[in-house]
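Just so you know, the sequences run in chain order E and H. Sequential numbering of the first sequence, starting at 1, is according to the working numbering. Sequential numbering of the second sequence, starting at 1, is according to the working numbering.
Among these hints, one or two may not hold up.
[Stated by the list, open to error] Label-pair ranges, simulated between beta-carbon atoms: (1) E:194 to H:426: 35 to 41 Å; (2) H:359 to E:163: 57 to 63 Å; (3) H:359 to E:151: 32 to 38 Å; (4) H:280 to E:47: 24 to 30 Å; (5) H:359 to E:171: 46 to 52 Å; (6) E:46 to H:434: 41 to 47 Å; (7) E:137 to H:386: 55 to 61 Å; (8) H:134 to E:75: 52 to 58 Å; (9) E:13 to H:386: 31 to 37 Å; (10) E:13 to H:426: 47 to 53 Å; (11) H:17 to E:99: 31 to 37 Å; (12) H:409 to E:3: 42 to 48 Å; (13) E:75 to H:390: 57 to 63 Å.
[Said to hold, decoys possible] Only some residues are given here: those of chain H computed to face chain E with a beta carbon under 10 Å: (14) 64; (15) 148; (16) 277.
Note that these hints are calculated values from the structure, not bench results. Ideal placement from N, C-alpha and C gives every residue a C-beta, glycine not left out.
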Amino acid sequence: MNRAFWLYLGVLVTVVASFMGLVQIPDHQLRGLEPVTDEQGVERPVRPEGGVLAGRQEYIGLGCLYCHSQQVRPEGFGSDIARGWGMRRTVARDHVWDAPPVLGTMRTGPDLANIAVRQPSAAWHLLHLYKPRLTSPGSLMPEYPFLFTEQRVELERPADALSFPTGDPRPGWVIVPTQRARDLVAYLGSLDHSYPVPEVRP
Amino acid sequence: MSGVSTVPNGSADGPRQELLARAAIDRSCRAPVLLFAGSAVLWLLVGSVWALLAAVKMHTPGLLTSWEPLTFGRVRPVHLNMTIFGWASMSGIAVLLWLQARLARARLPFPNLLIAGGVVWNLALAAGVWEISAGHGTSVEWIEIPLFWALVFAAVFAVVMAASLTMFARRNVAHVYVSQWYLFGAVLWFPFLYLMANALIHAGFTRGVTAAATNWWFAHNVLGLWLTPIGLATIYYLIPKVIGAPIHSYHLSLLGFWSLALFYNWAGTHHLIGGPLPAWLVTVGIVGSVMMFVPVVTVGINHHMTMVGHFHRLADSPTLRFVVFAGMSYTVVSVQGSLTSLRSINEINHFTHYTVAHAHLGVYAFFSMAMFGALYYVLPRLTGREWSSARLIKVHFWASAAGIALYWGPLTVGGWLQGLAMNNPDVPFLEVMTGTVSWLWGRTAAGALMTVGHLVFAWLVARMLLSREPAPAVAAGPEPAGEGA
Numbered sequence: 001m002n003r004a005f006w007l008y009l010g011v012l013v014t015v016v017a018s019f020m021g022l023v024q025i026p027d028h029q030l031r032g033l034e035p036v037t038d039e040q041g042v043e044r045p046v047r048p049e050g051g052v053l054a055g056r057q058e059y060i061g062l063g064c065l066y067c068h069s070q071q072v073r074p075e076g077f078g079s080d081i082a083r084g085w086g087m088r089r090t091v092a093r094d095h096v097w098d099a100p101p102v103l104g105t106m107r108t109g110p111d112l113a114n115i116a117v118r119q120p121s122a123a124w125h126l127l128h129l130y131k132p133r134l135t136s137p138g139s140l141m142p143e144y145p146f147l148f149t150e151q152r153v154e155l156e157r158p159a160d161a162l163s164f165p166t167g168d169p170r171p172g173w174v175i176v177p178t179q180r181a182r183d184l185v186a187y188l189g190s191l192d193h194s195y196p197v198p199e200v201r202p
Numbered sequence: 001m002s003g004v005s006t007v008p009n010g011s012a013d014g015p016r017q018e019l020l021a022r023a024a025i026d027r028s029c030r031a032p033v034l035l036f037a038g039s040a041v042l043w044l045l046v047g048s049v050w051a052l053l054a055a056v057k058m059h060t061p062g063l064l065t066s067w068e069p070l071t072f073g074r075v076r077p078v079h080l081n082m083t084i085f086g087w088a089s090m091s092g093i094a095v096l097l098w099l100q101a102r103l104a105r106a107r108l109p110f111p112n113l114l115i116a117g118g119v120v121w122n123l124a125l126a127a128g129v130w131e132i133s134a135g136h137g138t139s140v141e142w143i144e145i146p147l148f149w150a151l152v153f154a155a156v157f158a159v160v161m162a163a164s165l166t167m168f169a170r171r172n173v174a175h176v177y178v179s180q181w182y183l184f185g186a187v188l189w190f191p192f193l194y195l196m197a198n199a200l201i202h203a204g205f206t207r208g209v210t211a212a213a214t215n216w217w218f219a220h221n222v223l224g225l226w227l228t229p230i231g232l233a234t235i236y237y238l239i240p241k242v243i244g245a246p247i248h249s250y251h252l253s254l255l256g257f258w259s260l261a262l263f264y265n266w267a268g269t270h271h272l273i274g275g276p277l278p279a280w281l282v283t284v285g286i287v288g289s290v291m292m293f294v295p296v297v298t299v300g301i302n303h304h305m306t307m308v309g310h311f312h313r314l315a316d317s318p319t320l321r322f323v324v325f326a327g328m329s330y331t332v333v334s335v336q337g338s339l340t341s342l343r344s345i346n347e348i349n350h351f352t353h354y355t356v357a358h359a360h361l362g363v364y365a366f367f368s369m370a371m372f373g374a375l376y377y378v379l380p381r382l383t384g385r386e387w388s389s390a391r392l393i394k395v396h397f398w399a400s401a402a403g404i405a406l407y408w409g410p411l412t413v414g415g416w417l418q419g420l421a422m423n424n425p426d427v428p429f430l431e432v433m434t435g436t437v438s439w440l441w442g443r444t445a446a447g448a449l450m451t452v453g454h455l456v457f458a459w460l461v462a463r464m465l466l467s468r469e470p471a472p473a474v475a476a477g478p479e480p481a482g483e484g485a
């Protein structure tokens with residue numbers, strides 16, 4: 001093969017073709033997707049703002065997606081729905097606000113697409129982040145001690161101090177979540193894709 | 001299509017002139033290629049440390065949790081970026097430049113620019129993994145390094161591309177050898193993929209699940225259109241070179257190249273099977289993956305049939321041993337990849353350690369082994385020195401070969417069992433998780449063995465590059481031995 005021209009052309013055409021096919025056409029197809037409005041007149045998915053958005057950034061910066069997916073596979077494909085990870089499969093519309101979405105490709109830990117529905121308690125999440133094996137014995141999740149500070153109890157216990165089932169690890173001291181921990185938990189509390197969408201029949 | 005070429009650098013020149021020209025070409029490559037190769041080996045070592053740390057953290061999550069940069073979610077992407085953009089890409093560039101120079105019989109142009117590029121690449125990667133460690137990573141797999149540093153990589157890559165294409169344009173041979181098609185593809189494909197993916201995902205031109213499609217179009221093509229063509233070009237060059245016999249079939253190599261160019265591109269969305277994307281988009285990815293049987297089978301026949309009758313040479317040529325191992329792994333990993341894209345199989349292996357094992361089979365058993373083999377061949381020719389210990393090269397080979405086999409086999413089984421358990425809603429999720437622990441310990445042991453191989457390799461390379469003895473003049477003498485050239 002000695003005709004460099006055909007080599008140039010072939011090499012460029014093949015890669016541009018796949019770019020059009022796998023990137024441009026889907027972009028064109030999905031660009032017009034809008035959130036749905038539920039019975040209460042609330043736009044779903046809710047556009048992440050403030051603490052939720054900051055928490056999403058924590059989720060990204062801490063690399064949570066290397067162990068947690070955020071996509072429920074359809075009925076009959078895997079057992080995501082039977083496990084209670086969602087009422088319906090995840091659709092493209094669920095991620096209209098996300099640039100980029102954190103779908104994840106690994107489930108060392110469980111799927112989090114609907115974690116807000118499954119585990120709405122912020123106190124549970126904070127304790128879980130501080131010592132995962134307290135709430136979930138045998139879990140392989142690492143602790144995130146740097147998202148918390150240890151404070152001496154002066155007069156009264158701070159309202160947001162973690163309450164441990166077996167009492168404070170160090171008497172006279174309490175563990176208090178940082179703003180980052182609260183943002184992350186606010187983000188987890190926003191992960192609710194249980195609203196109906198036209199793409200999936202109930 | 002004139003000049004059907006099945007031997008790299010089949011020559012009509014007299015041997016003396018041939019050797020002089022070759023020595024001049026090698027001299028022109030010396031500094032830039034040694035810089036990229038030496039840096040690659042350093043990144044391999046650091047990348048192995050982060051790999052082991054990530055592996056241990058998977059079964060012993062309480063280890064080193066209080067210092068944020070060492071949390072698992074950062075150690076893992078730091079490992080990936082060090083090994084892909086440090087070890088794999090830098091060794092790939094070193095081998096690519098040398099191969100292109102040898103095959104085009106042209107001197108390596110812009111040596112100073114390439115040296116500066118190598119230094120900048122190292123700095124950009126160091127900055128990139130620093131940013132990930134500091135929490136500024138993007139969590140977009142394979143594009144974790146923030147946009148600014150990605151643009152620096154792209155600028156260096158422009159120099160590599162210019163050097164490679166300049167040599168191709170100045171080629172002093174009548175025919176274009178099959179390895180050159182792949183190298184040509186690699187230097188044009190990668191910058192396009194890298195810039196497009198970064199622009200679309202990180203510069204905000206796309207949002208929602210299109211970003212996920214773009215992500216996997218890119219990430220799969222890092223292996224498919226960047227590392228694979230360099231790996232295959234290396235194997236196509238070194239097998240016939242070492243055994244002194246032509247490639248089995250020219251026509252098969254033609255078919256293998258163009259079918260790869262046509263199909264590999266499209267395979268990436270198989271990473272999103274079951275995900276929230278239009279069904280057709282995922283189906284296209286599956287079709288592309290299954291069609292990969294065509295290039296894989298043709299390349300496989302071509303490599304393996306070339307070796308038939310020459311297997312005894314594996315005993316005396318370390319390069320051949322690594323490269324043939326790489327070629328065989330390419331067949332295995334590609335067949336596994338095509339099968340894994342089928343919905344019925346993907347339903348089980350998706351989201352498990354099976355995929356991690358598969359990725360290592362591709363990047364390590366195929367690509368890295370090809371690069372080890374190539375560096376064992378190239379470095380003596382550039383330094384004029386011999387490898388200091390044949391026994392240590394053997395230790396490296398067996399540590400790496402046994403290491404990746406012990407990594408891939410058990411983790412594949414463990415991942416498959418993990419998938420079966422996950423798809424059975426009667427098994428509580430915590431049990432799915434704890435069921436993986438013994439397999440994860442096995443992975444750590446295998447990774448430690450691979451790291452032993454890397455330490456031995458780095459020791460050998462360091463002795464060659466840092467030796468205080470003056471290198472014998474690389475003039476018109478016969479090529480340094482170690483390999484039949």
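Comparing the hints with the structure gives:
1. E:194 to H:426: 35 to 41 Å: violated (23 Å)
2. H:359 to E:163: 57 to 63 Å: violated (42 Å)
3. H:359 to E:151: 32 to 38 Å: For residue 359 of chain H and residue 151 of chain E the Cβ distance comes to about 44 Å; the hint is violated.
4. H:280 to E:47: 24 to 30 Å: Between residue 280 of chain H and residue 47 of chain E, where Cβ atoms are some 28 Å apart, the hint holds.
5. H:359 to E:171: 46 to 52 Å: Hint holds: Cβ distance 48 Å, inside 46 to 52 Å.
6. E:46 to H:434: 41 to 47 Å: This hint is violated: roughly 35 Å between Cβ atoms.
7. E:137 to H:386: 55 to 61 Å: holds (58 Å)
8. H:134 to E:75: 52 to 58 Å: Since residue 134 of chain H and residue 75 of chain E have Cβ atoms about 42 Å apart, the given range 52 to 58 Å is violated.
9. E:13 to H:386: 31 to 37 Å: violated (46 Å)
10. E:13 to H:426: 47 to 53 Å: Because 51 Å falls inside the window, the suggested range holds.
11. H:17 to E:99: 31 to 37 Å: 60 Å Cβ-Cβ, so the 31 to 37 Å window is violated.
12. H:409 to E:3: 42 to 48 Å: holds (45 Å)
13. E:75 to H:390: 57 to 63 Å: Between residue 75 of chain E and residue 390 of chain H, where Cβ atoms are some 60 Å apart, the hint holds.
14. 64: Given a least distance of 9 Å, the restraint on residue 64 of chain H holds.
15. 148: Hint violated; residue 148 of chain H Cβ to chain E Cβ min 16 Å, cut 10 Å.
16. 277: Status holds, d = 7 Å.
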